[in-house]
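Chemist: Input sequences plus hints: build the corresponding full structure.
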Amino acid sequence: MRLLRWGIFLALVGAAVGWWLSRPVPVDDALLAGLTPDPENGALVFWAGGCASCHAADDAKGDDLLVLAGGQSLASDFGAFTVPNISPHPDVGIGGWSAQDLANAMMAGVSPDGAHYYPSFPYTSYAKMSAQDVVDLHAYLVTLPASDQINPPHDLGFPFTVRRGIGLWKLLYLSDEWVLAGDVDAQIARGRYLVEGPGHCSECHTPRDFAGGLDLSNWMGGAPNPSGKGRIPAIDPANLTWSAADIAYYLESGFTPEYDSAGGHMAKVVGNMARLPASDRAAIAAYLKALP
Amino acid sequence: MKILGFATAAVIAVTASTAFAQDFNAEKKARQGQFRIMAFNLGLLGDMLKGEREYDAEMAQAAADNLVTVSNLHEAAMWPEGSDNMSIDGTRAQPNIWEKPDEFAAKWADFGKAAMAMQAAASGGTDAIGPAMGPIGGSCKACHETFRAPEG
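From first to last, the protein sequence lines are chains P and U.
For the first sequence, counting from 1, position 116 maps to 116 in my numbering; every step adds exactly one.
For the second sequence, counting from 1, position 49 maps to 1049 in my numbering; every step adds exactly one.
Hints are computed from structural coordinates only; laboratory data are not their basis.
Positions of the beta carbon are idealized from the N, C-alpha and C atoms, including for glycine.
A hint or two may mislead.
[To be verified] Distance ranges between label pairs, derived from CB positions:
#, chain 1, residue 1, chain 2, residue 2, range
1, U, 1077, P, 74, 51 to 61 Å
2, U, 1026, P, 61, 33 to 43 Å
3, U, 1082, P, 163, 44 to 54 Å
[Stated by the list, open to error] Distance condition first, Cα-Cα at most 16 Å in a straight line; then the derived EDC-like pairs of lysine to aspartate or glutamate:
#, chain 1, residue 1, chain 2, residue 2
4, U, 1100, P, 59
5, U, 1113, U, 1065
6, U, 1050, U, 1127
7, P, 289, P, 236
8, U, 1050, P, 246
9, U, 1028, U, 1081
10, P, 61, U, 1103
11, U, 1029, U, 1075
12, P, 128, P, 177
13, P, 268, P, 58
14, P, 61, U, 1110
15, U, 1050, P, 252
16, U, 1029, U, 1089
17, U, 1107, P, 246
18, U, 1028, U, 1089
19, U, 1100, U, 1081
20, U, 1050, P, 258
21, P, 289, P, 177
22, P, 289, P, 246
23, U, 1107, U, 1075
24, P, 128, P, 28
Modeler: Put into structure tokens, the structure is as follows:
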């Protein structure tokens, strides 16, 4: 009897600790203090972050890429995630969001009402972004056209429907530490920021473990294509033997050194990267060449 | 009797589909061959652009002319129904090509337009080739994005 009471007590303590550990933790209140938004830089952050590739319509081109109505479906081992409307519509988009709300979403994976986002939204990468870039992005997003499109909910199975569980997942996998650690030169540092942060390249190019976390020991080692046939190629130096100039040219034009062209989701990524300054594409190439 | 009828029908259906399943090898090689010719000629132009090959107006013009020539090939016979990547090996052509034939044709036509712009620009030096290269790459990408499966 006494043992049973102890058992219940310990179970309750365990549950309380689990509840506490899994709580959504937003970014620091003072993170954005004193920062002045620059929407022009925000536009570059927008393309570096690839927002439109998922949040615009799947076949969007040109100005339609700026209509972030959501609605695309992202397949995963845990179910299908529906991309939300992040246009500045006040009710069905994120028109009511402050820059702080955006920072919480992107850097901590926490919604304005304090719930966890699923990591299909790549905040594990965005967590490494600078607060200034997030503020600038917010200033740019509010200038885009509003859409009143309402999207269906995610299609997930139990237990993945329990968002609180993501809190424990974040303890394991959410970090703002660089994967390519240590001091690097200015160009590689810029590339590291773009690749590991806003560019979120690893979300597809690095394999995941059983829990859906990135396998950092196999960084950029290639992975199965979550949305169907084929594989996302490995882009570490052992596998991607292109010169830095070839990589930069690919990101600008979509042409491989053999003049094949990018396809699938990567064609969208190239469309984004082509809008960045040439120095950024060169920095990404330098970073990829600097990986172990 | 009815069951026997069904079984017979099923056997016939299976046999028939085996008998009529084709590898479309010739068609596949033909269409992949034209992409090779495109890539080769794009390579001549792109390498001049990147400074990996000396600019040569005559060669650039010939390469651009070749791109236009390929864009004028009649495509239909090279893309028979059932030659998609779900039906045969060695292709990345997705079944949606046959679901959206008009879009597929329009994207091929876009390549033709971009190739003609390159044809007009090619002898004008690398400064003229550069701006014409973007739309060609864009037309390749636009089609691959929709209709080609990833590698592997």
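Chemist: Hint by hint, say whether it matches the structure.
Modeler: We went through each hint and held it up to the structure:
Take residue 1077 of chain U and residue 74 of chain P: their Cβ atoms lie about 38 Å apart, and the range 51 to 61 Å is violated. Checked against the hint of 33 to 43 Å, the C-beta distance between residue 1026 of chain U and residue 61 of chain P comes to roughly 34 Å, which is consistent with it. Between residue 1082 of chain U and residue 163 of chain P, the C-beta spacing of about 45 Å keeps the proposed range 44 to 54 Å intact. A hinted pair counts as satisfied when its Cα atoms are at most 16 Å apart, and residue 1100 of chain U with residue 59 of chain P qualifies at roughly 13 Å.
Note on residue 1113 of chain U and residue 1065 of chain U: the hinted pairing holds, with a Cα-Cα distance of about 12 Å set against a maximum of 16 Å. Distance hint between residue 1050 of chain U and residue 1127 of chain U is fulfilled; the C-alpha atoms sit about 11 Å from each other, no more than 16 Å. Of the supplied pair hints, the one linking residue 289 of chain P and residue 236 of chain P holds, its CA atoms being roughly 7 Å apart against a limit of 16 Å. For a cut-off of 16 Å, the pair hint linking residue 1050 of chain U to residue 246 of chain P stands: about 9 Å separates their Cα positions.
A C-alpha spacing of about 12 Å is found between residue 1028 of chain U and residue 1081 of chain U, which places the hinted pair at or below 16 Å, so the restraint holds. The straight-line distance between the Cα atoms of residue 61 of chain P and residue 1103 of chain U is roughly 14 Å, inside the 16 Å bound, and the hint therefore holds. The suggested pairing of residue 1029 of chain U with residue 1075 of chain U holds, with an alpha-carbon distance near 13 Å, which does not exceed 16 Å. Pair hint residue 128 of chain P plus residue 177 of chain P holds up; C-alpha atoms about 7 Å apart against a cutoff of 16 Å.
Between the alpha carbons of residue 268 of chain P and residue 58 of chain P the distance comes to roughly 10 Å, so the proposed pair stays at or under 16 Å and holds. Restraint check for residue 61 of chain P and residue 1110 of chain U: the C-alpha separation of about 14 Å stays at or below 16 Å, so the hint holds. Note on residue 1050 of chain U and residue 252 of chain P: the hinted pairing holds, with a Cα-Cα distance of about 12 Å set against a maximum of 16 Å. Taking the CA atoms of residue 1029 of chain U and residue 1089 of chain U, the gap is about 12 Å. The hint holds against a cut of 16 Å.
For the suggested pair residue 1107 of chain U and residue 246 of chain P, the alpha carbons sit about 26 Å apart, so the restraint of at most 16 Å is broken. This hinted pair checks out: residue 1028 of chain U and residue 1089 of chain U have alpha carbons roughly 10 Å apart, not beyond 16 Å. Proximity of residue 1100 of chain U to residue 1081 of chain U is assessed by CA-CA distance (about 12 Å); at most 16 Å being required, the pair is judged to hold. With a C-alpha separation of about 13 Å, the suggested pairing of residue 1050 of chain U with residue 258 of chain P holds against the 16 Å cut-off.
Restraint check for residue 289 of chain P and residue 177 of chain P: the C-alpha separation of about 20 Å exceeds 16 Å, so the hint is violated. Distance hint between residue 289 of chain P and residue 246 of chain P is fulfilled; the C-alpha atoms sit about 11 Å from each other, no more than 16 Å. Of the pairs offered as hints, the one joining residue 1107 of chain U and residue 1075 of chain U holds, with about 12 Å between alpha carbons and a cut-off of 16 Å not exceeded. For the suggested pair residue 128 of chain P and residue 28 of chain P, the alpha carbons sit about 14 Å apart, so the restraint of at most 16 Å is met.
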